[in-house]
Each structure stands twice: as C-alpha cells, then as structure tokens.
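Undergrad: Build the complex: two chains, separate frames, hints provided.
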Amino acid sequence: MSTRPYITCRELIEFLHLYLDQELPPDRRAEFDRHLAVCDSCVHYIETYKTASALGRNAWTDPEAPVGEDVPEELVTAILAARRSRA
Amino acid sequence: MNVQKSRSMAEARSASSQWGTDSEASQLGALRRGEEKAFEAMVRSFGPRLLSVARRFLRDEEDARDAVQEGFLSAYRSIGTFQGGSQISTWLHRIVVNACLMRLRSRQRKPEESIEELLPRFAEDGHQVAHPTPEWEGSAEELLARRETREMVREAIDRLPDSYRAVLLLRDIEELSTEEAARLVGITENAVKIRLHRARQALRTLLEPQFRRAPAW
Chain A
1 MSTRPYITCR ELIEFLHLYL DQELPPDRRA EFDRHLAVCD SCVHYIETYK TASALGRNAW
61 TDPEAPVGED VPEELVTAIL AARRSRA
Chain B
88 MNVQKSRSMA EARSASSQWG TDSEASQLGA LRRGEEKAFE AMVRSFGPRL LSVARRFLRD
148 EEDARDAVQE GFLSAYRSIG TFQGGSQIST WLHRIVVNAC LMRLRSRQRK PEESIEELLP
208 RFAEDGHQVA HPTPEWEGSA EELLARRETR EMVREAIDRL PDSYRAVLLL RDIEELSTEE
268 AARLVGITEN AVKIRLHRAR QALRTLLEPQ FRRAPAW
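Chains as they are written, first to last, in this note's numbering: chain A, 1 to 87; chain B, 88 to 304.
In isolation and in its complexed conformation, chain B is listed as follows (with noise of 0.2 Å):
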C-alpha cells in the first residue's frame, strides 16, 4: 500500500469515526451548516449498511451505487427539513429504500413475469389432493444451521418479480410497516399485504426442491 493511499485510509477511518463520537445533535447542526467534512462522515458511516440495502432491492452494483448517491445527495438538500423525531439512520434509510423503488419503476424493460406459475396449484374442485404437499426436512433454525441456506434464499428472492419481491423486502427485511409499505410503494394496505402473501407462496415454491423431505420407499 502506498503512502497516499495508506493517508486516504487513515482519513476515512476518521470521517467515519467521527460520527460516532460526535452527538447526532452536533453532527446535523455541521450538516445544516453545509460543512462537508460532517457530510463525509455522515456517508462513511451510514453507505455501507445503505449501500447493502440497495443492493438487495436493485440487483445490480451500478443502479445500487446510484441509489446511494441519489440518497445522500436527497438528503443533503432536505438536510434543513429533518425534524430529528427519528435518528437520522432511519431517515436515510427510508430515503434511499425510496430510491431504489422510484429505480425499479423507472426500468424500462420487459413486462414483469407473472407470479401465477409460481403460486400453488389445485384440482377443479379447489383441493391439493392430486398434489399434496410434502414435509420439508427441518425447521427454519434447522435449515438455517447449514452453510449455504442463506444463499439459496437469497438467490430464489431474486428469482421473484420486481413488484412482489420489493414488498418482501420491504416487509421481511427492512421490517417496515405494512402502512410504510403502502405509503412507499403506492399502493393500499390491502394490496400490500396480498402482494406479501404471494411473495411468501411464490418463495415457498421455489426453496421446495431444496428442501422437500425425501419420500420414504
């Protein structure tokens, strides 16, 4: 590592330390004042945690870098409407979740793939009968145990469309309210929690072949 490089490091570890040992209060009063110094430590501290968030929500590193960026600078130019009722993690938060939703209804691609393939099957008269559903080998702490559930998990949420897979995440991960939820995706309560219930059915579909108990001969 060289020199420059080695300084750059050691000015980042204290931009971002800085936040956490200056007060919240001391921290927005910089902000406000435009000081780019409290900005810095204000994206060291907090862009990791919103940079895996994004991540998560836009599947693609260029579009979650963006999201970022668009974030701080979002909330550089409200700084002054921050009434500090909420620590300024979870405003950032919500602020960047906003933007990786307004990117995913922004994309401009192919029709979204429909969730019905991915939703159970019955026969005419409505019952699972002709295909019962099997057992699966463990609990979720029993299946968690293993090294590469999380993985698989992780790859058949990506697997489920935008529209359905943004509400899990919203729900299920960022552990929004279903009102937030709502409010963020634009849509009614309702909606949200029919959307959350196919997003856990289509879920459910996926991980079976992973983890179906084997049936006994």
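So here's chain A without its partners, still in its complex pose (with noise of 0.2 Å):
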C-alpha cells in the first residue's frame, strides 16, 4: 500500500478531464483512483460533471422540436438580394 499522501480534491479536478479521457501516465492515473476510493465528494463531483456533460450536449436534441422548419422570408430575400448586388 502506497504511504504517499493523497492528491488533493483540487488536484483531481482541476485535471479531471485528462483522467476522463485516458490522457494520464499510469502512475498518475493510479493516484487518481487511490483518491476516489475514500474520496465520495469527488466520486459525486464526477457523476455530476458527466450528468452536466451529457445534459449539455443533448440541449438541443429535443425530440417534441419541431423539424422542417423554413428560414424566414425576409432572411431569404435579403440574402439574395445581398447576391445579387455583389453579383
């Protein structure tokens, strides 16, 4: 068992991305997941960043959204006439 002392909270989340997305050393990696496993705070702070994450990302995928929705008429008319005056 390792007696070096834990990373901190700050630690791990400020870097908390790399960890998520594989980019730490193993070594590195390891003193990320000796603190998750008596740290709850950060074990919820990472369920929580990743509920936010695929919150954020799902933002717009309402499936009640209207589809085929037409750009409006003046936008049309004023984008072709911007055409054809630089035509």
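Hints may contain errors.
To be verified - Heads up, simulated SDA-like pairs for lysine to any residue below, C-alpha to C-alpha not over 25 Å straight-line:
id : chain 1 : residue 1 : chain 2 : residue 2
1  : A       : K50       : B       : R241
2  : A       : K50       : B       : R208
3  : A       : K50       : A       : L80
4  : B       : K280      : A       : F32
5  : A       : K50       : A       : Y6
6  : A       : K50       : B       : K124
7  : B       : K280      : B       : R190
8  : B       : K280      : A       : R29
9  : B       : K124      : A       : L80
10 : B       : K280      : A       : D27
11 : A       : K50       : B       : D249
12 : A       : K50       : A       : D70
13 : A       : K50       : B       : R190
14 : B       : K280      : A       : E47
Worth flagging that the hints you see were computed from the coordinates, not collected in a lab.
TA: Here is the structure:
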C-alpha cells in the first residue's frame, strides 16, 4: 500500500478531463483512483460532471421540437438581394 | 392567406425541395455557373439548420441572421474553391460557424465575465470537505425525460462567458474535433481542452441547484 500522501480534491478536479479522457500516465492515474477510493465527494463530483456534460450535449436534441422549419422569408429575400448586388 | 403569398410559398417549397431531388454535383455545377435558382435552393434547404446554429452562438436574432447571410455570401464567393471532398452541408456549417465566431470576437462589449465564480471551491488544504458535492436526483437520461430540463440547460449554457460557451458549443453541440475547434477559435488544442473542461464545470455548477438531491433529514 502506498504511503504517499493522497492528491487533493483540487488536483483531481483540475485535471479531471485528462483522467476521463484516459490521457494520464499510469502512475498518475493510479493516484486519482486511490483518491477516489476514499473521497465520496469527488466521486459525486465526477458523476454530476458527466451528467451535466451529457445534458449539455442533449440540450438541443429535443425529440418534441418541430422539424422542417422554414428559414424566415425576409432573410431569404435579404440574402438573395445581397447576392445580386455583389454578382 | 392571399394568392401572392400562397404562390411565393409554393415557389419556396419548390426551390427548397429542388436541392433534395437534384444531385449535389448537378447543384454545384449550377451554383458555379451563378444560377440564382440553385443559390436560392441552397439557402432554403440549409438555411433553417444554419440559422439554428447561429442563434445558439450569438443569442441575438439580428446577429444570427446577419451571420447566416454573411455565411451564404461567403459560400457564394468561394464556391469555386469548394473541392467537394466534404458534403456541402458540412462546408456551409463550417463557414457559418466561422462567421459566428468572428462576430463574437468583434463584439465591443464590456470585458467578459470571469468564469472563476462558477468553478469548484476548495478548503485551504485543497480538499472539499467543507462543501462536499451532493448527488443529483437522477441520471442524464432520467433528467432529460422531464419536459423542462432542456430549456433549463440551454439557459445555463447561455449564462457561460462567450469564450467558454463557444468552445462548449463547438465541441459538445456541433461535434467538431479538438483540432478543428482550435483552428476556428485560434487557440491551441490544449487551450481548447482546458476551456471545455472549465465550461463543463461551470455548467455543472449552474445546474446543481436545479438537480441536486434534497438532503435527507
């Protein structure tokens, strides 16, 4: 068992993205795992960080949102007019 | 609805559907020859999605419409350089995203709000014992099943400082690679990763009051 001091919550959370993206070297990753084995707060932080990220990725994927919306007619007219003036 | 309006809507539908029926190569040829009908079909076909993208980035209807207009005009000017290696929808998407980012950069507003207030806080020893992270009421899937969740999340994303919100949108919503996002924003890939991490942390902080599990008494 390691006698080294645990990394702090600050270190874990600051570099969490590297841990989740599997970008930490093995010895560093082991330090993160050792901290998580004794820190419920950081475990909850990671869970809720992942949940928030997933919610963000799905914020505009509403299955009930209307599909096939038309572009506003005045915008089409403006774009076509601008094109003609520059043609 | 009067006859004139009815006719123009029919013409619009015809122009829009034309893109879907003609082959992309045929449409590209028409665009390169400067045919207005092909250009109009492109605007009507891809405009709605591109306008949604611009609204997300700019949070202002007029700005969003201007960015879409700039994007289509830019596409018109550079259609000769489009190699056809990617779909035209992907190419237009990049052009409009770029137009949005340029607008975000050029906004002469008050200095951007700091994100520090939205990042986790720790005790002096670097631990969070004094403010342990609470659990939330459910998984992302369970929370997304609630009608109001997406609106809450969109509002929270809108509250992020522009430079962080832009990276979150590029990576998590528009699904660009880290490399592409870095090139468009003009920062290093490492800086993109750090900004994305902080944006997600800030989003977590903003959503926590809505979704934290009530403490058991």
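Undergrad: So, for every hint listed, does it hold in this structure?
TA: Hints, one by one, checked against the model:
1. Distance hint between K50 of chain A and R241 of chain B is fulfilled; the C-alpha atoms sit about 17 Å from each other, no more than 25 Å.
2. Pair hint K50 of chain A plus R208 of chain B holds up; C-alpha atoms about 18 Å apart against a cutoff of 25 Å.
3. For the given pair, K50 of chain A sits about 44 Å from L80 of chain A by alpha-carbon distance, which is inconsistent with the 25 Å threshold.
4. Among the hinted pairs, K280 of chain B with F32 of chain A is consistent with the structure: their alpha-carbon atoms are about 19 Å apart, no more than 25 Å.
5. Note on K50 of chain A and Y6 of chain A: the hinted pairing holds, with a Cα-Cα distance of about 23 Å set against a maximum of 25 Å.
6. With a C-alpha separation of about 46 Å, the suggested pair K50 of chain A and K124 of chain B falls outside the 25 Å cut-off, and the hint is violated.
7. Straight-line distance between C-alpha atoms of K280 of chain B and R190 of chain B comes to about 22 Å, which keeps the hinted pair within the 25 Å bound.
8. Annotation: proposed proximity of K280 of chain B to R29 of chain A holds, straight-line Cα distance about 18 Å (limit 25 Å).
9. Of the supplied pair hints, the one linking K124 of chain B and L80 of chain A holds, its CA atoms being roughly 10 Å apart against a limit of 25 Å.
10. Between K280 of chain B and D27 of chain A, the direct Cα distance comes to roughly 22 Å. Compliance with the 25 Å bound is thereby established for this hinted pair.
11. Taken as a hint, the K50 of chain A and D249 of chain B pair is honoured in the structure, with Cα atoms around 22 Å apart against an allowance of 25 Å.
12. The suggested pairing of K50 of chain A with D70 of chain A is violated, with an alpha-carbon distance near 35 Å, which exceeds 25 Å.
13. Distance restraint check for K50 of chain A and R190 of chain B: the Cα-Cα separation of roughly 31 Å exceeds the 25 Å cut-off, and the hinted pair is therefore not satisfied.
14. Restraint check for K280 of chain B and E47 of chain A: satisfied, since their Cα atoms lie roughly 19 Å apart, inside the 25 Å limit.
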